[in-house]
Every structure is written in C-alpha cells, then in structure tokens.
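Number of protein chains: 2
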Amino acid sequence: MAAQLQDFSSEPSVAKYHTAHPLCPLTASEISTTADLVRSVWPANIDLRFKVITLDEPAKKSMVPYLEAEHSGASLPEIPRKAFVSYYIRNTDRFHEATVNLSSGKVEKNARLGPNDHGNGDYDEILQVEKNALEDEKVKEAIKKLQLPEGTAVCADPWIYGSDGNNDDERMYQVFLYMRDPNNANELDSNHYAFPLPISPVIECNNYEVIRIEYLPTGADNTVHEPRPWQSKPANEYVHEYQTLRTDLKPLRVVQPEGASFSLTPTGETGHVLAWQKWTMRVGYNQREGMVLYDVRYDGRPLFYRLSLSDMNIPYADPRSPFHKKSAYDLGDAGAGAMANNLQLGCDCLGHIQYLSAVITDDKGVPTPLENCVCVHEQDAGIGWKHTNYRTGRAAVVRNRELVLQSIITVSNYEYILAFMFNQAGELIYEVRATGILSTQPIDHELDKVGVPFGTVVHPGVLAVHHQHIFSLRVDPMIEGHANRLVYDEAHALPITPDWNPYGVGYEVSETLVETASGLDLNADTNRTFKIQNPSVRNPVNGKPVAYKIHVPPFQKMLSHPQSFNWKRAEFADHNIYVTTHADKELYSGGWYTNQSRGGTGVRSWAARQDSVVDTDIVVWIQFGINHVPRIEDFPVMPCEILKVSLKPVNFFERNPALDVPPSVQSFNQSVAVSEAHHQPSQELVVGKEECCATGERERESKL
Amino acid sequence: MAAQLQDFSSEPSVAKYHTAHPLCPLTASEISTTADLVRSVWPANIDLRFKVITLDEPAKKSMVPYLEAEHSGASLPEIPRKAFVSYYIRNTDRFHEATVNLSSGKVEKNARLGPNDHGNGDYDEILQVEKNALEDEKVKEAIKKLQLPEGTAVCADPWIYGSDGNNDDERMYQVFLYMRDPNNANELDSNHYAFPLPISPVIECNNYEVIRIEYLPTGADNTVHEPRPWQSKPANEYVHEYQTLRTDLKPLRVVQPEGASFSLTPTGETGHVLAWQKWTMRVGYNQREGMVLYDVRYDGRPLFYRLSLSDMNIPYADPRSPFHKKSAYDLGDAGAGAMANNLQLGCDCLGHIQYLSAVITDDKGVPTPLENCVCVHEQDAGIGWKHTNYRTGRAAVVRNRELVLQSIITVSNYEYILAFMFNQAGELIYEVRATGILSTQPIDHELDKVGVPFGTVVHPGVLAVHHQHIFSLRVDPMIEGHANRLVYDEAHALPITPDWNPYGVGYEVSETLVETASGLDLNADTNRTFKIQNPSVRNPVNGKPVAYKIHVPPFQKMLSHPQSFNWKRAEFADHNIYVTTHADKELYSGGWYTNQSRGGTGVRSWAARQDSVVDTDIVVWIQFGINHVPRIEDFPVMPCEILKVSLKPVNFFERNPALDVPPSVQSFNQSVAVSEAHHQPSQELVVGKEECCATGERERESKL
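Taken in sequence, the protein lines are chains A and B.
The numbers in the first sequence follow UniProt numbering, run straight up by one, and end at 704.
The numbers in the second sequence follow UniProt numbering, run straight up by one, and end at 704.
What the hints contain is simulated information worked out from the structure, not anything from laboratory work.
Heads up, a few of these hints could be off.
Chain copies aren't distinguished; within one or between two, either way the pair holds.
[Stated by the list, open to error] Straight-line alpha carbon distances no greater than 30 Å define the calculated DSBU-like cross-link-like pairs of lysine-lysine that follow:
{"id": "1", "residue 1": "Lys585", "residue 2": "Lys145"}
{"id": "2", "residue 1": "Lys449", "residue 2": "Lys145"}
{"id": "3", "residue 1": "Lys131", "residue 2": "Lys145"}
{"id": "4", "residue 1": "Lys250", "residue 2": "Lys644"}
{"id": "5", "residue 1": "Lys60", "residue 2": "Lys544"}
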C-alpha cells in the first residue's frame with residue numbers, strides 16, 4: 001500500500017498517554033489529537049480532508065497476552081495507543097494513510113497511496129456532490145429537456161463510481177438524478193425513487209465539478225435517446241401521511257419490571273464490557289465496521305477473539321452503461337459505522353433498551369458524535385427447550401431469552417439492520433435484515449407491462465434491476481484457545497451390503513480436515529457442516545474435540561464473470577466459507593480500499609497463499625446473501641428480508657448449556673388469557689406531532 | 001383400500017342433522033354418534049377398538065361453492081355431514097375403515113382393509129404395551145441378567161415396529177427398555193434415556209403379548225452379546241430440581257393493555273374463524289394433522305384453500321437390527337392432534353393468549369377433550385420496514401407484528417413445536433422447532449470416548465444415533481382463484497458479448513413452467529425459487545401474474561436407499577417440492593396408513609400419474625428437514641432447532657402491503673431506556689409449588 005514512507009521516529013515525545021483499554025474505540029480527544037498530529041507533518045497551508053481516523057488495533061501478539069493478564073488478574077502489559085488515518089490533501093487526488101502513535105505523540109508512518117487506492121465517501125462530500133450536480137449549468141440545461149413542471153424539485157443520489165477499466169483511474173462519482181412529486185413540492189420526504197430521471201452527471205473529486213453528463217438507456221436494449229418530455233404519473237409515498245393507516249392494531253409492549261438482565265460496564269469514554277447470561281465480551285465500534293465484538297467468552301471459556309461484519313457487496317444485473325458499474329461496498333465505500341441511524345426509543349427498539357453512542361471523525365478531523373448508534377436489549381424468542389414425560393404429565397419447559405446488539409445503517413436508498421444475538425444455549429446468531437428503498441432507474445412507459453429480464457417494473461416508468469446482496473462475516477475464533485482448525489462433517493449413505501447394511505438404511509458422518517487456506521462451499525446433498533474445532537481440548541464425556549459449528553444458508557454466488565471487475569474485487573463473493581491464517585491487517589475481505597478498486601487485496605488473495613490452517617491462529621469468513629429479484633411488494637419500501645448465521649456449540653459443553661435456565665412459569669411471565677368473549681373495539685390511532693426521528697439523525701443543515 | 005364394501009344405504013334415516021359449518025371439527029356428540037353407528041352394523045358382542053373418528057371433509061367440489069356463497073352472502077348449499085372412521089375388531093388384526101353420514105344417520109361405507117394396512121397407535125394401547133412388556137415373565141428374567149440394583153424402576157418406550165419385509169405383515173410393537181436412576185427411585189421424572197437397556201421385547205397386537213425378546217447390539221458392529229451386569233454411572237436429569245439454576249434472569253413480559261388485535265369467532269362447538277390484520281381463515285383441528293387452516297384470505301382475496309402439516313418421517317442411521325426399522329411417522333403412526341400438549345398459561349406461551357381446545361376419540365369411541373391444544377397470540381418480530389431520508393433525517397419505521405397459532409406435540413421422547421404465523425406484509429410462515437429428548441440406545445463403555453460413525457455418545461454408555469427429520473407441508477393454494485400453476489425462477493449470468501454484456505456483469509431471471517405433476521428440487525446455484533401463480537390475474541402496475549413464492553431451506557434428502565422400505569414409504573422425502581393435482585383423499589404425503597406400510601400410496605405415486613398441473617386445481621407439497629447429527633448439547637433435552645418455510649406475495653399487491661401499518665412510536669410501544677447506572681441485583685428465583693403442567697396433560701392414571 002505504501003508508496004513513499006516517511007519516518008518520524010525522531011520527533012520529540014509527548015507526556016505519557018493513558019488509555020482505559022487498548023480495544024476501546026478512539027475518544028473524541030484522541031481523534032482531535034490524531035488529526036492535529038497528522039496536520040503537523042504538513043506545511044501549515046496544506047489542508048487535509050480526513051476519510052478515516054480510527055483505532056489502529058494492537059497486534060494480536062500483543063493483545064492476547066494483555067487479555068490473558070486481564071482475565072487472570074496479572075499486571076497488564078503496556079501497549080502503545082495508535083490511530084489509523086486515511087486522508088487526502090484536500091481538493092487533490094493525493095491519498096495517504098498514516099499511523100499515529102498517541103502514546104508517544106508521533107506520526108509513525110505516513111505514506112502516499114497508489115493510483116488505484118481511493119478513499120471512501122464522506123458525508124460532507126456527498127452533500128457537496130449533490131449540490132454541485134444540481135447547480136451545474138449543463139446539468140440544468142439537460143434537465144430542461146425533460147420539461148418538468150414549474151417548481152419541481154430535482155434530487156441527486158451520488159453513487160460511488162465503480163470500476164470498469166475505462167478511464168476510471170481517477171476518483172469520481174456517478175450521480176443518479178430523481179425528482180420529487182411535482183404535485184407535492186413541499187413534501188421534503190416525498191419518495192423521489194418513484195421518479196427516476198434519465199440524466200446522470202459524472203463528477204470528479206478534486207473540485208467536485210461535473211466532467212460529463214450521461215444519458216441513461218431507458219428501453220430494453222442499449223439504445224440511449226435524448227431525454228424526452230416528462231410524462232405525468234402518480235407518486236408512490238411511504239411516509240404515513242399518505243397512507244390510510246390500519247386502525248385495528250393494538251399495542252404490544254415488552255416490560256421488564258426488574259430491569260434488564262444484562263450489564264454494560266463502561267471502560268473509559270468509549271468502551272464497554274457486556275455481561276449477560278454467562279456471556280462476556282468487549283464491545284467496540286468504528287467508522288467502517290460499526291459494531292465489533294472482542295474477547296467473547298461463555299462462562300469464562302474463550303470462544304471468539306473478534307467478530308465483525310467484514311464487508312458487503314451489492315452488484316447489479318443491468319449490463320448497460322453506466323449501470324454496469326453499480327457495485328456497492330457499503331462498508332469499504334461508506335462505512336457501516338458512519339452510516340448508522342440514531343436509534344429512537346420506542347421506534348426502533350422494543351422493551352428495555354440501553355443505547356450506546358460512538359464518535360467518529362468528520363472530513364475535517366473534528367470528532368462527530370453518533371448518538372444511539374447501537375441498542376442493546378433482551379428479547380423473548382419463544383420456547384428454548386421442552387419435554388413432557390407422557391407417563392406423569394410433567395412438562396419441563398424454559399423460554400429462549402436472547403440478547404440483541406443492533407445497529408441500523410442507511411446507505412442512500414437502502415437500510416440494513418445488523419444484529420449480533422446471543423442465547424442461553426451458548427449460541428451466537430448474526431442477523432441481517434435488508435429493508436429501505438430499491439435503487440431505481442427510469443424505464444420507458446411502453447415497457448411497464450412488458451418488463452425486461454434483468455429487472456422488475458415496480459411503478460410506472462420505474463425499473464428496479466435485479467441485484468445481489470452478499471455479506472461477509474469475519475469470525476476470528478479462539479475456541480478454548482487460539483490454535484483452532486476448520487473441519488467439515490458430511491453424511492453419506494452406506495452401500496447396501498448383506499453383512500452390514502442389508503436394509504439400505506445406514507449412514508455415517510465423516511469429518512474432513514481443511515488443511516490449507518481456501519474458499520469452500522456448502523453442499524446440501526451431503527449436509528456439509530463446517531465446524532471450528534480445538535482438538536487439544538476434548539469433551540469429557542465422548543472424547544470429541546470441542547467445536548462450534550456454522551449454520552449458514554446457501555446463496556447464489558456472484559453471477560458476474562470471473563473476468564469482470566465485480567468478481568475480481570468482491571473476493572469473498574465466490575464461496576460460502578473462506579479460511580485463512582490470521583494477519584492483523586487482514587480485516588476486510590473485499591480489501592482495504594474498495595472504492596473503484598481493482599481486486600487482489602482481499603480474502604481470495606490471502607487464501608491463495610495456501611497457508612496451513614491446521615491448529616493455528618485461523619480466521620473464518622462466512623458469506624451469505626440474497627439474489628434480490630424485486631417484486632412490486634418491495635416498493636416503495638421493502639418489507640425486511642431476514643438472513644441469519646448461527647454458531648452453535650458442538651461437544652463444547654457436557655450437556656445442554658440452557659438446562660439451568662429457570663423453568664418458564666406464570667408467576668415470572670404473567671401471560672394473560674384472552675377469552676372468546678373479548679371484543680376488539682377498533683381505535684383510531686392519532687399520529688400527531690410525536691414522530692420517530694423527526695428531530696433528525698445528526699445535526700446538519702438540510703441541503704436541497 | 002377397500003376389500004369388502006358393505007352397503008348400508010337402505011337403512012332408515014334419522015332426524016335432520018344440523019352442523020354449524022361443514023369444516024368444523026367433529027363435536028363430542030358427533031364422535032359418540034359416529035361410534036354408535038359403526039357399532040350398530042356389528043353384532044352386539046363384537047367390541048371395536050377405534051383408531052380415528054374424524055371429520056370426513058366435504059369434497060372440494062362441494063366446498064368451493066359453499067365458501068363462495070358464504071363470502072358473497074348467498075344462500076348456503078346443503079352438505080351432508082360425514083365422519084371418517086378407522087377401527088379394529090378389538091384384539092384382532094381385522095382393520096376397517098368406515099364413512100358415516102351423520103346427516104342421514106347411515107354408515108355409507110364399511111370396508112375391511114388389506115393385510116398391510118395397519119392402524120396408528122392409540123394412547124391406551126401404548127400404556128398396555130408398556131405394562132405387558134414390563135410384566136412379562138420372560139422379560140423379567142432377561143432383565144435379571146442385568147443385575148440391576150434392588151428397586152430399580154424399568155421403563156418401556158413402545159415404538160411402532162417399522163418395516164423390513166421379515167415376517168412383518170402382522171402388526172407389532174418394538175419396545176425399547178430403559179431404567180430410571182437407581183439412586184433416585186422416587187423421582188418419577190428421572191430421565192430414563194440416560195439408562196438405555198440392551199433388551200427389547202416385541203409385542204403382537206391382538207392380545208399385546210410378548211412374542212420374542214431381542215438383545216441389542218451395543219458395540220460398534222453387529223455383535224450381540226448376552227446382557228452384561230449393569231455398570232453404575234451417573235444420571236442426567238433435566239427437571240429443574242437437579243440443576244443449579246441461574247439467578248440472574250430478570251422477567252420479561254409481553255403486555256397488551258388494550259387486548260390482542262385478533263378475533264377468534266366460534267362457529268358451532270368446535271370451529272373458529274380467525275381475523276387479524278386483514279387475514280381471515282377458518283381454524284380446524286383433527287387427530288392426525290392437529291391444526292388445519294381453511295379458506296385463508298388476505299383483505300378478502302383468496303390465497304390458500306387448505307394448509308396442514310402432511311406428515312413427518314424420522315429415519316435412523318444405525319443399520320443393525322432392530323434399529324434398522326426405526327422410522328417414525330409421527331402424524332400417520334400417532335397423530336399430531338392426539339399428541340398435542342395441554343398448553344399452560346405463562347409456561348408455553350408469552351403475552352395475551354387465547355387457547356383453543358379440541359375433542360378427539362379414545363379407543364372406545366368416547367370423546368376425549370384436548371384442552372388448550374392450540375394457542376393463539378401476537379408477537380413482535382422486530383422491525384417490519386424502515387427508511388430514513390438522509391437529507392431530512394426523517395425516519396419512517398414500522399414494527400413487524402406476527403400472529404401465531406401454535407401447538408406442541410410430544411411423541412414419546414421428542415417434542416415438536418408447530419406454528420403457523422402470519423405477518424402484516426401478507427406473508428405466511430410455517431415454523432417447526434424440534435426439541436425434547438434424543439432417542440437413545442446402549443453402547444458399551446469401552447466405546448464412550450471412541451464413538452461410532454453412525455451416532456454420537458451423549459452420556460456414558462448412551463448412544464444417540466444420527467437421524468433425519470423430514471417434514472412435509474401440504475399447501476392447497478387458491479391464489480386469486482382455484483386454477484393455479486407452479487413455476488420457478490432462476491437467475492443466470494449472461495455471457496460476455498461485446499455488444500450487450502461486455503463487462504460480464506449482466507444477469508437475467510427466467511421463469512420455467514412446471515407442466516406435469518412431479519418432484520422438484522431447489523438449486524442454490526441458480527437461486528431457483530418456486531412460485532404458485534395465477535396467470536389470469538395480473539398485477540395492474542407491471543402486468544405480471546399474481547403469485548406467492550416459496551422460501552424453504554434445502555435439506556439433505558433421505559439417505560436410505562431407493563431399494564429400502566424407508567425410501568419406498570416416505571414418498572415425500574426425496575424432493576424439496578412435489579406438485580400434484582388436487583384429489584380429496586390425497587392429504588397425507590406418506591400415505592393414509594403409515595404404520596408398517598409398504599409405500600406406493602403417497603405423493604410420489606400420485607405425482608407418477610403425471611397429470612397436467614397447469615392452470616388447474618393443484619396442491620404443492622413443501623419438504624424441509626434436518627439431518628440431526630447429535631451433539632452433547634442435545635442431551636438430556638435438546639435446545640430448539642428451528643426450521644421455517646415462508647410463502648410471500650410476488651406482484652400480488654400493488655405496493656408493500658405493510659405500508660399502512662401505523663408508524664412505530666414511543667407512545668404506542670412505551671420502551672424504557674436502561675441507564676448505565678442501572679444495577680442488576682441478583683435474585684434468587686424460588687421455584688416452588690407452582691410448576692408448569694404439574695397437573696398433567698390429560699386426566700389419566702399414572703401407570704408405573
């Protein structure tokens with residue numbers, strides 16, 4: 001990554017620096033100090049545009065002894081506090097990364113990055129791109145061709161430009177234009193995705209000026225015609241004022257009269273230790289990954305060193321320019337941390353909720369609070385286990401209580417609800433819900449009832465192209481220790497043999513060891529099930545190695561051709577599982593810099609080293625996803641599509657770990673019997689001033 | 001099925017019979033009357049053993065006009081009220097089925113069934129088999145060889161005998177023996193599955209006498225040795241008195257201060273119409289299927305004529321006799337209705353619950369109440385949809401409220417929690433949770449830490465053999481009408497061509513029509529998605545046919561060989577999807593009589609007719625399951641393993657049908673913010689006299 005390395009190790013040191021815990025996210029003052037230190041290595045007249053200022057996590061070889069000392073009560077080793085920075089010389093393409101040692105007050109590394117390493121988007125940049133696109137004279141002229149009604153508001157959705165090898169070395173934005181319902185100009189939340197426009201400016205990123213205007217193909221083929229006069233059509237609003245709301249939904253509330261069962265103990269200003277039902281872990285947060293969980297243990301037994309969403313990729317199916325470049329990396333291009341919603345009590349989360357806040361940088365190196373970006377709460381998930389002895393009639397039953405850590409990210413049109421969940425049977429579940437608004441583009445009205453094979457018409461003149469959502473979860477295990485292995489079980493029918501399996505019913509399960517770093521796939525025909533195992537720790541009952549198995553649904557792998565940029569860049573999207581050896585900087589399976597990337601820097605490349613992954617420090621990457629074939633019901637906002645990945649203990653415990661959950665009894669649960677005589681009067685729900693999130697996400701001016 | 005048809009049409013008629021609705025389950029008096037009528041065709045000294053007395057549902061060609069008249073307010077056609085009966089001449093193998101016309105008071109059909117048609121088990125029979133097995137002198141002698149401690153209680157788990165073609169024409173039971181912890185003789189709920197015994201009596205079903213005693217192989221091969229003296233080992237209890245219970249779980253309650261949003265309107269004594277959030281349906285129940293849903297509509301638009309679990313099969317992997325015959329059909333062999341738990345307020349169901357009860361027959365034709373066999377309640381299932389406009393900061397969010405109809409069945413050692421769920425986005429979810437206790441068999445202690453490839457040692461001396469759980473959901477659709485078709489979508493990458501797809505990113509979705517009845521499979525590599533479509537009703541926006549798509553997880557198909565009885569009998573277990581034309585009596589995909597069956601009477605055989613299934617009255621059978629490779633954590637009771645099948649609208653509506661759900665707001669939801677200062681005092685939970693279900697399931701004497 002480094003082109004020119006600057007050495008600052010001879011700089012004078014500053015006063016001894018103290019941090020609460022090496023894994024705490026950077027504090028506001030650490031962010032400020034880091035920005036100041038980076039600025040200090042440049043002449044005073046050089047203005048920097050910061051993309052990322054985040055914790056440079058300590059090397060695992062330092063962190064593991066630290067955690068061991070922490071758990072055993074021994075004295076804690078010193079670990080220097082460092083920050084990672086990526087930044088531009090403002091209004092240039094000179095992109096740098098730096099490592100700042102906050103303990104010593106030195107910039108340890110400062111390197112200009114290569115020509116195809118580009119920074120992620122940032123909020124102010126997005127707003128600047130929108131503004132410049134809409135105010136550009138040539139864009140206005142193009143829009144005039146549409147003969148829009150007087151006073152129509154045109155909106156801009158800036159998109160990461162993408163990669164196709166055509167003069168795309170410089171960083172740019174592809175801006176898709178929409179308009180709001182001309183009959184409702186004052187409704188700022190009118191759904192502009194119902195009115196896509198066939199004009200797309202391209203903006204360069206030194207001065208954010210429009211460099212060209214593209215016209216979009218709106219038929220079934222490559223034909224691009226001049227923008228035609230706009231044809232009136234209805235709006236398609238999602239905000240509640242435009243719906244005839246149901247009146248028969250009765251409130252359902254979750255109450256915890258004795259409070260919640262979890263504890264979140266602050267560490268310093270930004271960190272937390274979470275304890276709940278024998279689970280303990282450290283909760284972190286950063287601009288790119290959002291939530292990160294460290295040092296996850298059950299009943300003190302080590303399970304996961306680090307858990308995080310590694311990236312996601314959303315490639316689109318329309319082969320025509322410029323849509324062929326639509327391939328979003330919502331973490332690498334934007335940041336799941338940066339994009340997180342400010343969760344509102346009673347809107348996003350039900351029950352007894354604790355909110356966590358975070359702080360990230362803005363483009364000026366100024367710490368920016370992310371209030372309520374994570375919510376933590378319990379939920380009831382039905383029955384946990386039950387057995388009734390039919391001879392006595394005695395039922396033993398417990399409920400399944402889950403702990404949820406949830407964050408919601410808005411990436412332009414789409415939302416993703418991301419949650420880590422834990423239960424009392426020692427299981428971890430990672431859940432993704434996809435919701436929000438389809439990315440839309442214009443289609444000629446003649447095709448409304450005809451359609452095209454690469455998308456679905458979801459509103460008159462509105463095409464939602466098929467696309468894949470492919471997620472990559474990074475699991476850095478420490479199942480009873482750091483030397484783990486990956487194996488998989490498969491079930492095979494036994495052949496019919498007269499002496500052993502004469503009736504043809506027998507089958508066996510055999511285990512295969514994964515020896516080298518590689519990409520691997522599920523196989524439903526053999527019930528292939530991957531397990532992360534520690535063979536040096538044996539189950540006391542049956543002698544089998546302790547393990548955690550992976551339950552993940554299959555998905556259609558990336559459909560883009562291996563020759564395509566899409567395929568080369570989304571290095572995780574071709575296999576259900578990747579396994580590699582641990583390397584401190586190998587965190588993001590699509591590579592460190594995804595914006596307009598070329599590939600070669602992600603998990604497929606790391607796996608190609610073919611390191612031995614047997615009984616060593618391994619990392620498992622779990623992919624899952626959806627091939628989203630839009631339907632009418634997905635517009636104007638789609639009902640949540642839910643994906644879950646589970647990690648479950650296998651021969652890790654000596655019996656069901658949830659056996660000691662107290663029995664489910666009425667005095668505890670206080671359910672209420674509804675009688676048949678109970679009437680359900682209808683009720684008009686008045687939704688008035690009280691709105692969810694009417695106060696806005698972050699303090700910002702509305703730029704329109 | 002009929003061997004000898006008796007004609008009773010000349011019998012005198014009785015007074016005109018009235019029923020509330022043709023789809024109501026039989027009432028208690030209808031059950032009694034039916035039993036009396038069947039008895040009346042036999043000499044008085046002939047005693048009958050009833051296996052099933054259930055509603056003989058009206059032919060669809062009668063029912064459809066009835067429902068149409070009902071919905072349109074027209075006058076209702078007359079439909080005769082009929083009951084289906086299967087019964088034995090008590091203490092013989094003479095098995096019959098009869099159809100009784102309750103409206104006319106006549107037995108319309110009464111036929112002796114063939115030699116390989118056997119009836120399901122019944123509760124009294126199970127108890128008789130247990131008793132006779134344990135009291136048999138030869139069994140007692142065999143048990144003596146084990147040299148069990150004085151006063152040890154031996155238990156018997158009667159198993160449906162199974163099929164293997166070896167002198168298995170007569171109906172029998174294979175009884176597996178266990179003992180309870182000898183150190184705890186007074187604990188009637190001691191987990192006997194921790195102490196399996198190597199002795200297995202076989203019992204015939206005329207007089208329920210032991211006809212032979214088998215000894216079980218307990219090693220890794222076929223070797224069967226004489227029962228060895230019992231070796232002491234620990235117990236493995238699941239009831240709470242033997243656990244050190246967690247003390248830090250705080251109550252979580254679901255409250256609905258204005259009541260629940262659903263209404264269940266009784267029809268007659270046994271039926272209900274359910275209405276909730278635009279869903280309406282008729283709820284039924286019977287001995288075999290448990291819950292059945294009829295006439296399911298959303299916003300008055302027809303969706304499903306009939307929904308039910310069709311059967312489930314659990315074949316085991318141990319090829320050795322007698323285990324090779326273990327292959328349970330929990331609906332056909334026992335009855336999901338008959339086996340249903342009596343659900344207890346606050347134990348099984350959380351929140352505002354309405355219970356439904358049912359009535360079935362016992363073996364004497366006496367109506368037997370099943371109190372609280374179904375519970376109905378709402379639950380919150382997280383966020384339903386959300387979008388935040390980042391420019392204004394306004395979030396629009398609604399929660400996902402679900403309606404649950406749930407039943408829990410205990411089939412000897414295992415439990416299944418079966419639920420139909422509906423949500424506000426027009427989606428139906430069928431959920432199965434597998435829990436309860438693994439079926440266990442003895443293994444020599446030398447193998448505890450060695451194991452065998454066809455099972456897992458879960459306790460010293462206790463082997464839990466691998467097995468598959470394969471479920472079959474019967475969906476009789478009427479998507480906007482009764483003429484439907486089955487299609488599937490697949491997504492295929494476009495080839496790279498310079499003029500159309502030069503960047504190699506394009507892909508298309510194509511639809512394939514299923515023309516003839518057949519078994520079909522999923523294919524994750526093409527994202528194959530099945531849809532039930534009505535091409536005569538088109539979406540007004542995009543012109544596509546209205547449809548419902550099926551989301552079902554893949555499963556490893558039955559591993560038993562096609563030559564095996566297992567495979568021939570479980571006709572549904574070899575494909576993810578079956579589609580057939582509707583036939584009134586084609587309800588159970590494993591065949592009508594599953595006990596010791598031969599195959600040839602289930603869905604594979606019906607599909608082999610290769611009827612055209614295009615734009616006609618079709619039935620779709622959806623299979624799903626688990627290959628259960630036991631782990632230590634599954635013992636002594638397994639944490640729920642959850643499977644879900646979803647049916648979701650595709651181009652059925654004009655937009656997201658949940659758009660009119662009122663926004664999620666704090667005044668409605670009343671969440672509570674937990675502060676960081678909140679302490680979580682630990683609390684000792686006293687579990688005293690108040691127990692779930694201590695009062696027992698049904699009134700019965702405890703036979704020990």
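Quick rundown of the hints versus the structure:
1. Taking the shortest Cα distances, Lys585 and Lys145 never come within 30 Å of each other, neither inside one copy (50 Å) nor across copies (65 Å).
2. In this assembly of identical chains, Lys449 and Lys145 lie within 30 Å of each other by CA distance solely inside one copy; the values are 26 Å within and 79 Å between copies.
3. For a Cα distance limit of 30 Å, the shortest separation of Lys131 from Lys145 inside one copy, 20 Å, qualifies, whereas the shortest one across copies, 90 Å, does not.
4. With identical chains, the CA atoms of Lys250 and Lys644 are at most 30 Å apart both within one copy (29 Å) and between copies (26 Å).
5. For the homomeric pair Lys60 and Lys544, the shortest alpha-carbon distance inside one copy (28 Å) is at most 30 Å, but the shortest distance between copies (55 Å) is not.
Of the numbered hints given earlier, the model fails hint 1 alone.
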